[in-house]
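Trainee: Each chain, written out:
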Amino acid sequence: MSGTINIDGQNIPFEEGQTIIEAATAAGVYIPHLCHQPGYTPHGSCKVCTVNVNGRNCSACTFPAVEGQTIVNNSAELEQDRRRMTQMLFVEGNHFCPSCEKTGNCQLQGVAYHLNMLDNHFPHFFANREMDASHPDILIDHNRCIFCNLCVRASREKDGKNVFGISGRGINKRLIINSDSGQLKDSDIDVNDCAAHICPTGAILIKRTGYQVPIGKRIYDHHDISEVALMEEREHGK
Amino acid sequence: MMKTFIQKVLTDADYQPARLLTILRALQAEYQHIPIDAIDILADALNIPRTQIIAVVEFYSFLHLTPQGRYDILISDSITDRMQGKENLLGYLSSALKVKAGQVRDDGLVSLNNTSCTGMCDQGPAGLVNGHALTKLDRPRIDEIAALVEQQKPLGEWPPHLFAVDDNIYKAGLLLNGPIENGAAIQATYTRGINNTLEELDRAGLRGRGGAGFKTAMKWRFCAEEPSEQHFVVCNADEGEPGTFKDRVLLNSHAEQVFEGMTIAAAIIGANQGFLYLRGEYLHIFDKLQAILQQRRNAGLLGANILGQGLDFDIEIRLGAGAYICGEESALIESMEGKPGIPRNRPPYPVTSGYLNQPTVVNNVETFLAVAKIAIEGGDWFASFGTEKSAGSKILSICGDCSRPGIYEYPFGVSIEQILADCGASNVLGIQVGGPSGTFISNQEFNRQLAFEDLATGGSFIIFNNSRNILEIVQNFTHFFAHESCGFCTPCRVGTALLKKQLDKIIEGHGSAGDVVELESLCQLVKSNSHCGLGQTAANPILSTLQRYPDVYEKQLKSISYEPGFDLDGSLEIARRMAHRDDAAAHLSQVED
Amino acid sequence: MANKIKVATTSLAGCFGCHMSFLDLDERLIALAEVAEFDRSPITDIEHCGPCDIGLIEGGVCNSENVHVLREFRKNCKILVAVGACAINGGLPAMRNHISLEDCLLEAYRDGIGVENAQIPNDPELPLLLDKVHPIHEVVKVDYYLPGCPPSADVFWAFLTALLEGREPSYPYELVHYD
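Chains as they are written, first to last, in the numbering used here: chain A, 1 to 238; chain B, 1001 to 1593; chain C, 2001 to 2179.
Any given hint could be a false lead.
Unchecked claim - Think about it this way: if two alpha-carbon atoms lie no more than 25 Å apart in a straight line, the pair counts; the simulated DSS-like pairs of lysine-lysine are:
(1) A:Lys161 to B:Lys1339
(2) B:Lys1555 to C:Lys2006
(3) C:Lys2078 to C:Lys2141
What the hints assert, rightly or not - Not the full set, but computed from the structure, chain C residues with beta-carbon under 8 Å of chain B:
(4) Ser2064
(5) Lys2075
(6) Asp2111
(7) Val2115
(8) Ala2118
(9) Ile2120
Stated by the list, open to error - Not everything, but these chain C residues come out facing chain B in the computed CB check (under 10 Å):
(10) Val2035
(11) Arg2074
(12) Tyr2109
(13) Ile2113
(14) Asn2117
(15) Pro2121
(16) Asp2123
(17) Leu2126
Keep in mind the hints are simulated off the structure, nothing from the lab.
The C-beta atom is built at its ideal place from N, Cα and C for all residues, glycine as well.
My request is simple: use the sequences and hints to build the entire structure.
Mentor: Quick look at the structure:
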């Protein structure tokens, strides 16, 4: 079964079982997102993909496409809300882009650029977060974790392991490691695992690769994340 | 030693990972925390990742990774407890026991902390000691408790009056007035026929009593029609909305009828297993409820072939462990599966994919109570009470500034004025209807009525008189939501923490005109983008009071363009101390002179 | 030239990198000088800011002097601009925020390698450190933000020309970056 939904006045076909974001991506319509990645169980936590479906706000990455939906994706109001939620992620953690290896390749940054975010707006939490440099090949900097859950899903769904988990409640959420010591070196992660490469921010990094491409020549230095995401994710859909 | 204990707990739990919370509660009670070695043993025995166990321990307020005192005392921090002098008593208890709130005493004997509303609002200030409810706290009782702790007297030997919990039913209506005879409602269901009984529920117009008001018959029909080998019935007794305590009373005095309603649900949807999810704060009625379940089994009202009708159905009680969010039905289901209570994405809804991904009906205690009565009296009888859109009655938990706080049952459509007169409230400033997630109404709105079409409520009704400070009320509620946010989605996780910061800034007198504008836009952001009802309603206390009392907020503001939200001079304190300076240049004013 | 706009600039807890980037306007500085004059700024050596149209602030707020200077700018400048990562989110200096100030001072002046005559500086002339480094919008109201570490000369140019022409500033995609 298939049908048609309407996003910002454009008719878009969908297949039974597709979410709104899947149908949109296949049709070349970008909806900003951070915790969504094609091929992974939808999570719906970052809320950056919030769209308005028949008058109600929904996460495009979890909400199924249903015949006849009228969806607003681009509106000043949604863009403002998405910008504010991105700013929330920036003030919640400690995101000092100039000192981060991921800068220019960071999806959090990419979405912020896309939303024309010029400042962080809110007061900063300056949360006290740790680094875990114990593993010979992989670094975790908890300062940059946005709790998108992608590493958790990647480890479980792709790598067949359970290296990561999200613990804590409310603003005290934290990423935890499945090992006796709680350190990454004692987990069964491998540098080739999907979980080691999926992080949209600079929270999980592969050591000794940070500056192979100089700042200024990185993905989002020149390309809006909408182009990049559509190119990569439409490819995945085929 | 520990291994043996854990083996026993695991055996009792039949090694079911879904019973993780039950298992962890037992460990917490035994060791005052969840020892790290226990986590490894459990992970192996239950075949679940240790990250899941840690995540559960860190999610629920009553579970801890570090040892609490052998007497762990929690004081309820709801607005009504505060109105009854809680802050003062907490300070008194703290000095009596020589332990600060939030800390464990050095000798490990006692720990003290705040906790969210324990549901004793009509007999507060209240608290919990090792999970058991303490009521009507005052200085003599605190002296008594402190002495018992110092003597290290086992809890079982503490005088019972400390744990006495009253029902305080002041006004009984169509449900509370005529309790049913055991088995009568199940018998009536089978006499009438299962499908006809569902028809009666439909005709009754019964809507869910948790607050959202979904039509019960429709929910059950959806669930019944869902093809699956297993269906489940869940009674939501995670009554965490501050100011609500009617489910406690219903379970204390009418549990039979609630279980009977659940059994009817089982007959209709085709379930063999039901659950009562009881909030951890109501541990004091756990044994009593277990005994009632056993009596029902003995009487052939639970278990195999109930009343000879071929229905096999039993009920298990699952205790929560301190998490308001678990009152949300999909979070409750996650919790029942041994996970942190994080609301699921919907669709699918529980009626198609609930507990263990099987079709599940989740309803409030009061809904099941009503079902049993409707099964006997019929739908028309029920629909003849209340209003057209809100049939039947609503059982209210009334607390705050009135002379008779307690339980009141009214037909829907009753006016606020009537309620206030009945419970002895005067000089009223306003009422929080439906708890913090509901609406604050002012004394200009007393002609409004309780009904889904006007003021919907899950049962909480908190009265404030003119001596109360609106901002203190709003602050208590806003802190509550920040504390209870599960943290899953960005707008609620970060937004409720920012709301708390921004509101505190204004209340502490550091706000300027732009800060109220900012507060309001933050409220709208959190409300319209959050994942579940908690986030969608967390800004209601601010929004509903901003709308009614803008002047109260404006009075707090300074006529300057901006003031920092943190204490500037205070942030120089460390540097001053270390440089041994206290000259004029070693200080900063909060705003420019 | 009475109708020239007045611009003041300063660096709080910053590295003057934003100022260096500003100087990268190169020959456009001459065009700018036609329409703008500088009040307090490292390029004029004027010590205190008078009434200005635009104040450009580089760096976050790390000590009491920063607070005083920032307030002076806010008081005198019609438009206050947070320039660069440090002014916007505290930047690299704010990476000390997760270490207690006490530990910072002890490490620097008492326990660190190579410290002689260990003592915490206490001259009243010296500004005291705040326990945390704050972005400037947490201390005063800020009107505009120019992100970047540093913002490129083109960002300054796009911003200033827009204001001079009475437009709301906007930036092409490649000019908005945080590094």
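Trainee: Confirm or reject each hint.
Mentor: Outcome of the hint check:
no. : hint                   : in the structure
1   : A:Lys161 to B:Lys1339  : holds (18 Å)
2   : B:Lys1555 to C:Lys2006 : violated (37 Å)
3   : C:Lys2078 to C:Lys2141 : holds (11 Å)
4   : Ser2064                : holds (6 Å)
5   : Lys2075                : holds (7 Å)
6   : Asp2111                : violated (13 Å)
7   : Val2115                : violated (15 Å)
8   : Ala2118                : violated (12 Å)
9   : Ile2120                : holds (5 Å)
10  : Val2035                : violated (28 Å)
11  : Arg2074                : holds (8 Å)
12  : Tyr2109                : holds (9 Å)
13  : Ile2113                : violated (20 Å)
14  : Asn2117                : violated (15 Å)
15  : Pro2121                : holds (7 Å)
16  : Asp2123                : holds (9 Å)
17  : Leu2126                : holds (8 Å)
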